[in-house]
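S.K.: Residues per chain are reported as follows:
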Amino acid sequence: MGFRLAENEKDRYLSELLQSYHVFAPVAKAGKGAFSDTDVVGYGEIESFGDIVLDRKSHFSPKEVFYPVRETLFQFLKDEVLETTIDEKPLVVLVRPCDLNGVRRLDTIFLKNGQEVDTYYERRRKKVKFLMVECTEGFDTCFCVSMGSNVATDYDGALRFEEGSLLLDIKDPALATEILRDRPEADFQVEYIRENKVKVDAPPLEAVTKDLFDHDLWTEYTSRCIACGRCNTSCITCSCFTMQDVQVNDEKNLGERRRVWASCHIDGYSDMAGGHNFRKKHGEKMRFKTMHKVNDYHRRFGEHMCVGCGRCDDVCPEYISFSKCINKLNQIAKEVAQ
Amino acid sequence: MTNPYLPKPYELVGIRKETAIDYTYTIDYQGPVTGGQFMEVSIPGVGEAPISISDFDGSTIDMTIRKVGRLTDKIFEMEPGDSLFLRGPYGNGFQLDNFKGRDLVVIAGGTGLAPVKKTIQHYMENLDQVKSLEVLLGFKSPSDILFTDDILRWEEKAKVILSVDNPVEGWDGHTGLVTTHVTKLDLSNVKEKTAIVVGPPIMMKFMTLELLKNGFLEENIWVSFERKMSCGIGKCGHCKIDETYVCLEGPVFNYTKAKNLLD
Ligand SMILES: Cc1cc2nc3c(=O)[nH]c(=O)nc-3n(C[C@H](O)[C@H](O)[C@H](O)COP(=O)(O)OP(=O)(O)OC[C@H]3O[C@@H](n4cnc5c(N)ncnc54)[C@H](O)[C@@H]3O)c2cc1C
Ligand code: SF4
Ligand code: SF4
Ligand code: FES
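Protein chains in written order, with the working numbering: chain D, 255 to 592; chain P, 221 to 483.
Rather than coming from a laboratory, the hints here were simulated on the basis of the structure. Here the structure is a predicted model, which is why all the values come from computation and not from measurement. A couple of the hints might just be wrong.
As the list claims (entries may be wrong) - For the chain P half of the interface with chain D, some residues (derived, Cβ under 7 angstroms), not all of them: (1) 224; (2) 456; (3) 457; (4) 462; (5) 476.
We put the CB at the ideal spot given by N, CA and C, even for glycine.
I would like the entire structure built from these sequences, with the hints used as guidance.
M.R.: Following this line, the structure appears as structure tokens:
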């Protein structure tokens with residue numbers, strides 16, 4: 255259902271939402287950017303629509319709101335294992351269409367890969383409602399259209415920020431707060447970006463053969479990539495983690511088991527006992543990530559993992575472009591096929 | 221919703237020293253398991269790691285653990301009566317249907333013997349379930365040999381080739397890498413023979429090539445993989461190779477599948 259709120263009514267809507275929800279949106283965080291002296295845009299709680307940064311893309315994706323960078327799974331008191339609890343208050347998260355499509359990939363890994371449901375992911379995820387921000391312009395590095403993720407309709411509500419007003423398309427009645435009641439319906443059809451500056455062609459699955467794994471393409475990244483892992487931490491679809499046990503207080507026998515985000519670009523990701531590891535070279539790591547994003551995941555689940563948000567390009571200190579990498583891979587796939 | 225990460229304490233009922241750095245831990249555990257499956261073993265506050273089930277009898281399971289780091293160091297300080305935390309079992313394990321009625325050869329290198337030990341044991345006790353059974357085992361040195369008593373018993377029942385990498389004083393058995401002993405196997409009907417190969421990555425690579433060279437068919441070779449694993453249930457991503465999750469679809473793979481897994 256469509257509604258229009260005047261400029262001076264927007265924050266009243268937000269404050270009504272805040273009575274029942276924590277509301278998260280992209281906000282500026284001082285001095286934490288990839289290049290020193292720049293702000294980083296990441297997700298944070300907002301109290302006013304004025305807090306939101308929309309003229310730049312967020313460097314970090316919304317995943318950290320419901321899949322924390324570090325999450326305690328258990329607390330140990332001697333031999334007692336205590337499952338952690340979370341804040342019961344539900345969340346509203348403002349996302350763009352690409353990210354909403356990315357959330358589906360996270361859902362797939364955590365809820366559908368294998369027999370087990372990841373209850374830690376699920377417990378937070380089911381508390382989240384998404385308010386999708388209309389995105390018709392995109393940014394320089396976006397390639398969502400190529401990845402088919404420019405359109406998302408499974409939102410709980412959608413927003414269009416216009417000069418002097420806010421348009422809302424509310425699907426979940428819980429998001430239609432007091433101020434929207436008895437208000438005349440407004441006509442609002444969400445529009446989507448139909449063309450990005452950057453276009454990519456992922457190679458067709460059948461064209462990805464062993465030759466592409468062994469190809470020289472990857473050696474370029476061995477010298478360029480510094481294995482910092484920023485591309486993974488900024489990515490809406492990177493879901494990997496590592497378990498970590500810590501002793502919080504030795505005397506009291508207090509410990510914790512946590513999981514922390516893991517990055518396939520960072521050394522140690524595949525280390526095993528006996529000093530054996532796979533993919534020592536940074537180019538091999540780039541190959542592993544690329545294949546996961548535009549091949550492996552697709553073979554397993556029927557759609558590409560990468561949604562073309564372009565954040566990995568935005569944050570790479572070595573100016574490595576993932577979209578260019580995909581296009582090169584496709585080019586090579588064509589050459590190899592001939 | 222049950223928490224798949226919740227570990228439960230199980231009592232350690234026995235510890236057997238195999239080598240200076242490998243001990244077998246017997247744990248009070250009832251529940252269905254298959255040889256080749258693994259458990260996520262942990263000590264709260266210390267760490268969690270995947271460990272193969274090396275043996276089981278319905279009331280206990282054995283795990284043979286090498287002391288290599290944070291968690292395993294601590295496990296080595298434990299005594300019977302202490303508790304280890306477990307969740308699992310995970311992975312497919314060795315499905316006996318794949319070997320029933322076959323000419324079976326099991327080839328293991330070093331600690332690779334642990335995941336396949338129960339399978340060997342099973343056929344040693346049920347020789348009628350296979351057409352023939354041969355076992356080829358390789359260790360770095362005599363002091364690295366695991367399950368010595370079991371191996372002695374196996375030697376009485378079937379052909380067992382036990383080799384150490386380098387000749388040492390006091391060792392009058394076979395020497396040389398396991399790959400050099402393939403020709404000592406009965407290769408008369410090699411196309412009908414089934415092989416299980418478990419060991420360090422490099423050993424599995426050269427062993428499978430050696431078997432193929434000697435006429436084994438790809439579809440008759442089975443391997444068991446080890447990869448870094450943080451969850452065992454298809455979430456953490458560490459064990460993924462291409463579109464395959466070793467913790468879910470493995471760790472046991474037929475060679476026709478394994479040969480296409482590119483790390
Ligand atoms: C399916 C499966 C089955 C397994 N079965 C068995 C089994 O039956 N028995 C057994 O003993 N093991 C088995 N393992 C291996 C076992 O899981 C590891 O040895 C275990 O993780 C060791 O844990 P730890 O905390 O003691 O060692 P860690 O402290 O994690 O260290 C282990 C080793 O990893 C390396 N390492 C760790 N951290 C770093 C770092 N930061 N930088 C560089 N290198 C590092 C070191 O080489 C060290 O020796 C199995 C693994 C898998 C995947
Ligand atoms: S791989 Fe890059 S472009 Fe694709 S979803 Fe991740 S961060 Fe976005
Ligand atoms: S590709 Fe760039 S961002 Fe990613 S690990 Fe390499 S250097 Fe870091
Ligand atoms: S061990 Fe975590 S995905 Fe396989």
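S.K.: Compare the structure with each hint and give your call.
M.R.: Here is how each hint holds up against the structure:
Because the closest C-beta pair between residue 224/P and chain D is about 4 angstroms apart, less than 7 angstroms, the hint holds. For residue 456/P, the interface hint holds, since its Cβ comes within 7 angstroms of a Cβ in chain D; the closest pair sits about 5 angstroms apart. Hint status for residue 457/P relative to chain D: holds, with the closest Cβ pair at about 3 angstroms, below 7 angstroms. Interface restraint check: residue 462/P against chain D, minimum CB-CB distance 5 angstroms, threshold 7 angstroms, status holds.
About 15 angstroms separates the beta-carbon of residue 476/P from the nearest beta-carbon of chain D, more than 7 angstroms, and the hint is not met.
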